[in-house]
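Protein chains in written order, with the numbering used here: chain H, 34 to 167; chain B, 2 to 82.
If you are wondering where the hints come from, they were derived from the structure by calculation, not from laboratory data.
Positions of the beta carbon are idealized from the N, C-alpha and C atoms, including for glycine.
Where hints are given, some of them may not hold.
Unchecked claim - Short derived list, chain B residues pointing at chain H, Cβ under 8 Å:
| hint | residue |
| --- | --- |
| 1 | His19 |
| 2 | Ser54 |
| 3 | Leu55 |
Said to hold, decoys possible - No more than 30 Å apart at the CA atoms, straight line, and that leaves these computed lysine-lysine pairs for DSS-like:
| hint | chain 1 | residue 1 | chain 2 | residue 2 |
| --- | --- | --- | --- | --- |
| 4 | B | Lys74 | H | Lys119 |
| 5 | H | Lys126 | B | Lys74 |
| 6 | H | Lys57 | B | Lys74 |
To be verified - Per label pair, the in silico range of CB-to-CB distance:
| hint | chain 1 | residue 1 | chain 2 | residue 2 | range |
| --- | --- | --- | --- | --- | --- |
| 7 | H | Trp50 | B | Gly46 | 50 to 58 Å |
| 8 | B | Val33 | H | Arg141 | 20 to 28 Å |
| 9 | H | Ala106 | B | Arg32 | 25 to 33 Å |
| 10 | H | Val103 | B | Pro37 | 48 to 56 Å |
| 11 | B | Pro59 | H | Val103 | 27 to 35 Å |
| 12 | B | Val8 | H | Thr132 | 17 to 25 Å |
| 13 | B | Leu60 | H | Val117 | 47 to 55 Å |
| 14 | B | Ser39 | H | Ala88 | 55 to 63 Å |
| 15 | H | Arg129 | B | Arg79 | 44 to 52 Å |
| 16 | H | Thr132 | B | Ser51 | 22 to 30 Å |
| 17 | H | Thr70 | B | Gly34 | 28 to 36 Å |
| 18 | H | Cys77 | B | Val8 | 39 to 47 Å |
| 19 | B | Ala41 | H | Thr132 | 38 to 46 Å |
| 20 | B | Arg3 | H | Arg141 | 23 to 31 Å |
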Amino acid sequence: MISTLAVVAIGLLFFGWVLNLVRKGSVYVGYGSALLTAIGGIICIALIPAQFLEAFVQHASGVPPRGLPVVLAAYSILLALIYVLKEVTAISKRLRTLTQQLAIELARHGSTFDAEEPVTKAQSVARISHGRSV
Amino acid sequence: MRRSIFVPLLRWHFLDFHAEAIVYLIRLGYRVGECPISVAERTAGRSMYSFSSLFHYPLNTGIMALMAVVQAKLMQRRPAA
Chain H
34 MISTLAVVAI GLLFFGWVLN LVRKGSVYVG YGSALLTAIG GIICIALIPA QFLEAFVQHA
94 SGVPPRGLPV VLAAYSILLA LIYVLKEVTA ISKRLRTLTQ QLAIELARHG STFDAEEPVT
154 KAQSVARISH GRSV
Chain B
2 MRRSIFVPLL RWHFLDFHAE AIVYLIRLGY RVGECPISVA ERTAGRSMYS FSSLFHYPLN
62 TGIMALMAVV QAKLMQRRPA A
């Protein structure tokens with residue numbers, strides 16, 4: 034009973050945390066919905082009476098369920114996933130900002146960028162080594 | 002859409018300005034009207050929506066609409082920057 038309450042409490046904590054991350058834009062809502070579904074699934078599994086779950090898992094896989102440690106392991110994986118997805122979202126936001134800035138700069142300068150030949154990597158290295166800005 | 006709408010819209014992030022943007026603006030006290038439009042049927046190409054879109058779009062938009070309510074409440078409490 035206490036372990037079930039602990040699992041539900043941790044799940045609700047995760048639920049609120051992920052929702053807040055989505056609200057702040059730190060996690061893309063598509064990732065957030067997948068995470069929330071997973072958390073909801075874990076909470077639902079924790080709320081299923083133990084004898085039903087044991088019978089089902091043993092019937093389906095032949096492996097007896099380990100209870101609390103399995104759920105905690107699932108939460109640990111979720112925690113790692115939240116971290117990774119948060120970082121992926123941050124990178125994608127930076128890329129979007131960079132693209133928008135480039136588009137604004139291109140619009141500001143009009144055709145001056147288009148007139149120039151594309152600078153190769155060797156040319157840019159040569160310019161930098163001669164103290165010229167690209 | 003009036004100019005005054007741009008500031009609150011830029012102060013939060015949306016999923017392509019779908020239903021959550023409407024929820025957010027209504028919660029902030031803006032008036033939202035409805036204008037009928039006609040959409041031409043697609044004649045070429047493939048739809049960007051797949052079978053899984055039936056499930057994840059409503060879920061994503063639902064979450065964002067819920068967050069829009071929370072965000073609008075927080076914005077009303079906080080003075081404009």
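We went through each hint and held it up to the structure:
Taken as an interface hint, His19(B) does not check out: its beta carbon lies about 11 Å from the nearest beta carbon of chain H, beyond 8 Å. Checking Ser54(B) against chain H by beta carbon gives a least distance of about 11 Å; that is not within 8 Å, so the hint is violated. At a threshold of 8 Å, the smallest CB-CB gap from Leu55(B) to chain H is about 14 Å, leaving the interface hint violated. A threshold of 30 Å between alpha carbons decides the hint, and for Lys74(B) with Lys119(H) the separation of about 25 Å falls inside it, so the pair holds.
Taken as a hint, the Lys126(H) and Lys74(B) pair is honoured in the structure, with Cα atoms around 25 Å apart against an allowance of 30 Å. A distance of roughly 14 Å separates the Cα atoms of Lys57(H) and Lys74(B); the hinted pair therefore holds under the 30 Å criterion. Evaluation of the 50 to 58 Å hint for Trp50(H) and Gly46(B) yields a failure: the beta carbon distance comes to about 40 Å. Checked against the hint of 20 to 28 Å, the C-beta distance between Val33(B) and Arg141(H) comes to roughly 34 Å, which is inconsistent with it.
About 51 Å separates the C-beta atoms of Ala106(H) and Arg32(B), a value inconsistent with the hinted range of 25 to 33 Å. Taking the beta carbon of each, Val103(H) and Pro37(B) are about 54 Å apart, inside 48 to 56 Å as hinted. For Pro59(B) and Val103(H), the hinted distance range of 27 to 35 Å is satisfied, since their beta carbons lie about 31 Å from each other. Against the hinted window of 17 to 25 Å, the Cβ-Cβ separation of Val8(B) and Thr132(H) comes to about 23 Å, which satisfies the hint.
A beta carbon spacing of about 21 Å between Leu60(B) and Val117(H) contradicts the range 47 to 55 Å that was offered as a hint. Distance hint check: the CB atoms of Ser39(B) and Ala88(H) are about 57 Å apart, consistent with the given range 55 to 63 Å. Take Arg129(H) and Arg79(B): their Cβ atoms lie about 25 Å apart, and the range 44 to 52 Å is violated. Roughly 26 Å separates the CB atoms of Thr132(H) and Ser51(B), a value that falls within the hinted 22 to 30 Å.
Distance hint check: the CB atoms of Thr70(H) and Gly34(B) are about 35 Å apart, consistent with the given range 28 to 36 Å. With their beta carbons about 42 Å apart, Cys77(H) and Val8(B) fall inside the hinted range of 39 to 47 Å. The given range of 38 to 46 Å is broken by Ala41(B) and Thr132(H), whose C-beta atoms sit roughly 30 Å from each other. In this structure the supplied range 23 to 31 Å holds for Arg3(B) paired with Arg141(H), their Cβ-Cβ distance being about 26 Å.
Comparing the model with each numbered hint stated earlier shows that hints 1, 2, 3, 7, 8, 9, 13, 15 and 19 do not hold.
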